[in-house]
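Chemist: Letter by letter, the chains look like this.
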Amino acid sequence: MTPMLIGMSLLLAVTMVVAGVLATRPSQALSISILAAGLVSLLASVQFLLLAAPDVAMTEAAIGSGLTTFLFFFVLGRIRGGDRD
Amino acid sequence: METPVEAKVRAMARTRSTAVMFATLLLFWLMLIGNLTLDALIVGVLASLVIAVLYPNGISFFTELRATPEAFVAGLRYYGYFFKELVKSNLRLTAIVLSPSLPIRPGIVKVRTRLRSRMGRLMLANSITLTPGTLTVEMDSEWLYVHWTNVESDDIEAATGAIVAGFERYLEVIYG
Amino acid sequence: MAPLMAYIALTTGFVLILIGLYGALTNRNILRMIVAFTVANTGVNLVMVAIGYLHGRTAPILDAAVPVEQAAALIIDPLPQALVLTAIVIGVGVTALMLAYAYRLYETKRTLDISQYTELKW
Amino acid sequence: MADVLVYLAATLAGVAFVLALIRFILGPSSADRIIAFDSLTIISITGIVLVALAEGRGIYLDVALVYALLSFLGVIVVARYIERGF
Amino acid sequence: MSSLLAVVGGILLVGGTAFLLFGAIGLVRMPDAYNRLQAGTKTTTLGTLLSLAGVACLHPEWALKLLLIGIFLLFTNPLSSQVLARAAHRIGVKKAPQTVVDRLEEDLAEKDLGARP
Amino acid sequence: MIRRLFVILLLLGLGGVFAGLVAGYSPDDTLNLTARYYADHTAQDIGAANIVTAIIVTYRGLDTLGEVTVLFLTAAIVGLVLAQSRRKADAPQRPLPPSGELLTTGTRLLVPLILLLGVYVFVNGHLTPGGGFQGGAILASAVLMLLLTDPLLRIGHGLIAAIESTAGLLFVGIGVLGIVLAGGFLDNRILPIGDLGNLFSAGAIPIIYSIIGLKVGAEFSSMLATLAETEDL
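Chains as they are written, first to last, in the working numbering: chain A, 1 to 85; chain B, 86 to 261; chain C, 262 to 383; chain D, 384 to 469; chain E, 470 to 586; chain F, 587 to 819.
Hints are computed from structural coordinates only; laboratory data are not their basis.
There may be inaccurate statements among the hints.
Which stretches of chain A does chain D cover? Using the computed rule of at least three CB atoms under 8 Å from a CB of chain D, they are [claimed, not checked]: (1) 5-14; (2) 63-75.
Think about it this way: if two alpha-carbon atoms lie no more than 25 Å apart in a straight line, the pair counts; the simulated DMTMM-like pairs of lysine to aspartate or glutamate are [claimed, not checked]: (3) E:563 - B:253; (4) F:674 - F:818; (5) E:563 - B:225; (6) F:674 - F:781; (7) C:370 - F:817; (8) E:564 - B:91; (9) E:563 - B:240; (10) E:563 - B:257; (11) F:674 - C:380; (12) B:169 - B:253; (13) B:173 - B:124; (14) E:564 - B:225; (15) E:564 - E:576; (16) B:173 - B:225; (17) E:564 - B:253; (18) F:674 - F:773; (19) E:564 - B:240; (20) E:564 - E:574; (21) B:169 - B:257; (22) B:169 - B:242; (23) C:370 - F:818; (24) C:370 - F:815; (25) B:173 - B:257.
Here a beta-carbon is modelled for each residue, glycine too, at the ideal position from N, C-alpha and C.
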């Protein structure tokens, strides 16, 4: 079922680029930027699975997207003023 | 101050809840591993024991269960009813979403529940969220605030009859 | 057609690196710079895994689908995966450290704008 | 026969993914974006299961389990953040 | 026999993803955050459960792990939606103009149920 | 303005380099020599079904020791940097919205299951995807869920430090045991290799990965707890 996998890979690639642009755009609220960066990581984890790397996929889901996002929100919760530029 | 008898009752309840937790965790472990060999069992017993002892606050699906045959039957019927409602809710939502005029009349209504046990209340809230057009927003002692896509009645008793009664019937027997 | 998947992943990874670098260089808010850094980090990991990918092969885990005798003909290169695993774990450590410093910087000046921190400028 | 159905299912899930992405980009309030994020991740779980099916490797399902857990926690963290819960 | 099971599995899979699609359409079309949340929660839960059941028909030896993912999803998905709905209500996300009643708002005005920021 | 132009020029240059790399990429058809060695010898030498785990824990075990050390140093430095910002016990606290009954009950229901999933992930590191680092992160997620329900919760730093240092000592101890009993530092053959695919196989790998999992979980938990205990700005 290679065509299906290639189609998925393309869709994920486009979505990741869109989410990456959303994450770095300065006009976005900071919490949504962080959420978009988390989305990039989560989708990258599916992309890793497509590249036959389940170990890396699990690491990215648990550490790269999970813990990083949580740490960001904990710091952001303390620095409420930082949400404004 | 509590009397020695009360302390003993509390200690026994605690031991019982830890034992139930341990059994639940062991069941989940066996489902995760997917086979029943000796080494998997040893590690599973060890891990479940450590977690059940280290986290005494935990509650499981079976902690407040009433171990009676009626509860078992009610459990089966609850799940049958629940899946029927889940499918119905999806079909209705599909009809709403696909119709061009989007016929909704949303609002947040207040309903009452008689359930006391924590697990039963959580299951009730989850069931309400997954059934036709309703979504639990807030739970405050005996009151539930429910978002309803298509408000049929604003009256507390009528809304309770329409939203809560169907599940409460079974959950009351299972968990109390 | 054949090795399309590796090309897609490589391109995505490089584009993400560029997006992350652009964000880190143009944003003035420290937290936004850290967010852009994590995006670029993900891109680097994606490139490294894509290099180890071989078309039409499967994950380097031996089970019923990959018997031991045919392993060398069926699996992809495991070494880049081990490297990336390390890189991700260290990446979250670095991010945590940067966030702790961002908190301290905010504590001293009550702002996250990097152009306000001019003490080390010469 | 079954193969055709699997392809059809993947296409439907892909369209759903694109629609949820549109809501993520448009979403006027942050609550809308979080809802879209939630939907995107749950559709991705179906995607992971389909990948496991296509490659025929049951061990990929472990990744789906961890993925479901972590995306759920992410949504709760953001929800608690926007209501200023920590 | 096994081919029959495969066809049943495929049909379940298509049904599940079709529900996912309808939910996504609802996500785009509904007027406010609460109604979008309704569309999102119900359909993604049932859709994913049906897809998992379909895959379990195609690969019966994975059934146990798929069941576990299903149980997990059945508890986490509504919970996150409820927490999100409450948070949205607390920060005062706008309701659609069609909204007829909001008892929670009225009760909050009377007594202080949770500090509003 | 001139700055932005400079950035765009820089990125265009980098983009050109990357485009050249993609254009010049020629995929291999077969494994290279190192990967071939791992594919052919892991099953007999190490006995682990997951070759990535075999590389991380045994072939490159010393690197993993370094990685765990880096992580430990990071957690320690985060604690040091934020030590002065610790919230005082009697400091005025802004009113937090209650987490609500549903989230509280859900946490009490899910935290044991999350912990169990973490244990499953690191104990099965040599058979299925996953391992100590992922399992540790999942354990830390359970701690995170407790913190979300009760933001003022104090997690005992003494317990975390005790788990962390005990695990570190055991890790090095098993490594040294490898020198004494088998071929070298962190050699897994101090225990019998067993049959491929069993839970008790691959020598000491399940034990080493469990230790790493506990250590990593304790480190991430201490990071989260330190951040949660800082004061509002």
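Chemist: Hint by hint, say whether it matches the structure.
Modeler: Each hint tested on the structure:
no. : hint          : result
1   : 5-14          : holds (count 4)
2   : 63-75         : holds (count 6)
3   : E:563 - B:253 : 32 Å, violated
4   : F:674 - F:818 : 11 Å, holds
5   : E:563 - B:225 : 23 Å, holds
6   : F:674 - F:781 : 55 Å, violated
7   : C:370 - F:817 : 16 Å, holds
8   : E:564 - B:91  : 51 Å, violated
9   : E:563 - B:240 : 24 Å, holds
10  : E:563 - B:257 : 36 Å, violated
11  : F:674 - C:380 : 30 Å, violated
12  : B:169 - B:253 : 16 Å, holds
13  : B:173 - B:124 : 45 Å, violated
14  : E:564 - B:225 : 22 Å, holds
15  : E:564 - E:576 : 17 Å, holds
16  : B:173 - B:225 : 28 Å, violated
17  : E:564 - B:253 : 29 Å, violated
18  : F:674 - F:773 : 47 Å, violated
19  : E:564 - B:240 : 21 Å, holds
20  : E:564 - E:574 : 12 Å, holds
21  : B:169 - B:257 : 19 Å, holds
22  : B:169 - B:242 : 24 Å, holds
23  : C:370 - F:818 : 14 Å, holds
24  : C:370 - F:815 : 21 Å, holds
25  : B:173 - B:257 : 23 Å, holds
Checked against the numbered hints given earlier, this structure breaks hints 3, 6, 8, 10, 11, 13, 16, 17 and 18; the rest are met.
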